[in-house]
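From first to last, the protein sequence lines stand for chains A and B.
For the first sequence, our numbering assigns the number 13 to the initial residue and increments by one for each residue that follows.
For the second sequence, our numbering assigns the number 107 to the initial residue and increments by one for each residue that follows.
In case anyone wonders, no lab produced these hints; they're calculated from the structure.
Since the structure is predicted, the reported quantities are computational estimates derived from the model, not experimental observations.
Ideal placement from N, C-alpha and C gives every residue a C-beta, glycine not left out.
There's no promise every hint is true.
So the derived label-pair ranges between C-beta atoms look like this [unchecked claim]:
#: 1; chain 1: B; residue 1: P191; chain 2: A; residue 2: I217; range: 42 to 50 angstroms
#: 2; chain 1: A; residue 1: G50; chain 2: B; residue 2: L188; range: 46 to 54 angstroms
#: 3; chain 1: A; residue 1: K141; chain 2: B; residue 2: L335; range: 28 to 36 angstroms
#: 4; chain 1: A; residue 1: D15; chain 2: B; residue 2: S321; range: 27 to 35 angstroms
#: 5; chain 1: B; residue 1: V192; chain 2: A; residue 2: Q233; range: 48 to 56 angstroms
#: 6; chain 1: A; residue 1: E29; chain 2: B; residue 2: D313; range: 24 to 32 angstroms
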Amino acid sequence: MADKRVGNVFMPGDVLEDLQVSESVKKIVLGPGLIDDGNRIKISKPGILRFREPGIYWIDCHQKRYVPSKGDSVIGIITQKAGDIFRVDIGGSEQASLSYLSFEGATKRNRPDVKVGDIVYAKLLVANKDMEPEVVCIDSYGRSSGMGVIRNGGFLFNASLNLVRKLLSPQCALVKSLGHRFQFELAVGLNGRVWAKSKSDIQTIAMANGIMASEFMDNNQIKAMCKRLSRAVSGMEVE
Amino acid sequence: MASFIVLTEEQQRLQREAPPEAVLRCLTSELGCLTRQDGSASLSQGDTTVTAVAYGPAEVRMARERIDRATVEVVYKPKVGLPRPVDRKKENIIRNTLESAIMGSAHPRSAISVIIQETEDLGSNLACCINAACLALLDAAVGLNFMVAAVASAVMEDGKIVTDPEKKVEEKAVAVMTFVFESVDHKLVSVLTYGKFTQEQYKVCRDLCRQTAQSVFAFYRESLEKKLLKTV
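Excised from the complex, chain A in its bound form:
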C-alpha cells in the first residue's frame, strides 16, 4: 500500500517519517533522492515522491546531468585511445574506460575497428562514486546484443534524463507512433543521448525535433504531433 504523500513535491532538507510499507515485505527500498538518516528519511533532491510495489520509494526529479549507475545502457563518444583501453565520454563527471577486448569477437590479435570520435552504445559494468566508470560492448555471454560502435551517419542529440526515461518506458506512445509513420533506427542512452537515423536528413531532423518536443506531452498529444509531423515532412498541408 502506498503512502498518501506519494505524488507530492518534496524539497531538499524535508524529512519523511513513518513511510507505509506493504504487509508482506515489511522493508523499504530507498531510491534516488532519499537518504536513510537513522529513524527518519531525508530528502536530498527536489522532486515528486514515487512508489512502486512492494516497497520502493524514490524521488522523481528533473535533471540534465547524468550520474553513472551500474547496468545503465548509455551512448558514449570515444575521445582517446590509450594502449589497450579507450576513453569514452558518457556525460558523467569522469570519462569511462572501455577495453578493446570487450567487443564481440575481439581478441588480442583481432582488434576492433574503433576510432576517436566514434559513437558507441555500451553498458556500464562499473559505476561507483569512488571509481572510474567502465563500460563494455558485450553482455555476460560475450555477445554484442545490440551494443557496439554505431556507424553510417545518423544524428546524435542530447535530451534531459526525464525525456529518455519517458522514451524507454513501455507506457510511452512516442516511439510506436513515430514507427507508424517513419522508417528509422533509434538508440536511446540513459545518459540523455539519443541517436536517430532515417531515410533522409529531413526526416531525421523532423524526428529529433518531435522527440525533443514530446517532453511535456501526454500520449494523445504525442499521437497528434506525430501525425502533423509526418504530414509536414511529406509536404502535405498541415491541417
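Given chain A's structure and the hints, the job is docking chain B onto it.
Coordinates of chain B only, in the frame set by chain A:
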C-alpha cells in the same frame, strides 16, 4: 498644489518606535531560462535581478580535485567590466555558504560550479545572488543537505530597521547586514555585516531576517512545484 501631512510629535514618536516589519520585495523567478546548462535560474527581488547557472557533478580540474568530496566553484560576473576584488570576496562568501548546503560527499572527485551574472543591482545584491544560486542548484537537482535563503537588512541613522533594503536605503544606512539561513532548523549559515551597530540591533535584525527567510523558502517550493508538476 502641494499637500502636506502634518505629524504631531506624538505620532512621530510612535512611528519611530513602531516595531520593524519583516517585509520582502516582490520575488519573481524563471527556472531553466538557459537550456544548455544543467540548471539555471533568473531571480529578481524587487528590481535587483541576477541570473545564476549551475553545472554539476561535472569534470574537475586536476589541481582542484578533492578525493573525499565535490569541489564547489563559484564565479561572479559583474554587470560591466572585469571582476574586482570585492567580487572575489562575494564569490568566496557564496562558495562557503553553498559548500555547507551541497552534499559534497555523494560526488567525490567532481566539480559543482555555479556562475552568477549580475543583471541589475538595486540593493541587497548579495542576498539575491545567494538565493538565485540556490534556485539554480535546485533546478539542476544537485543533492543538497538543506536549502539556503539570504535576507539583507539595514539599520538607519534613527535606529529604524529595514529588511531587504533598496540601493538608496543601503547607501543612507549606518549598517547593512546579510544573513543566510538553512531550511531545516532555520539556523544561521553565514553573516556578512558592514558599518556600526549595537548587539541589540544585531539580534533584532537577525530575528527579523529569519522570519523573512520563511517566505523565501516558501517561494522556492512554489517555483519548483510549478516546474515539476508541469513535467507530469
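Now for the hints, and whether the structure bears them out:
Between P191 of chain B and I217 of chain A the beta carbon distance is about 49 angstroms. The supplied range of 42 to 50 angstroms therefore holds. Between G50 of chain A and L188 of chain B the C-beta distance comes to about 48 angstroms, which sits within the given range of 46 to 54 angstroms. At about 30 angstroms, the CB distance of K141 of chain A to L335 of chain B agrees with the hint of 28 to 36 angstroms. Judged by the Cβ atoms, the range 27 to 35 angstroms given for D15 of chain A and S321 of chain B holds: they are separated by roughly 29 angstroms.
Restraint check, V192 of chain B to Q233 of chain A: a C-beta distance of roughly 50 angstroms satisfies the suggested window 48 to 56 angstroms. Our hint of 24 to 32 angstroms for E29 of chain A and D313 of chain B holds, since their Cβ atoms are close to 28 angstroms apart.
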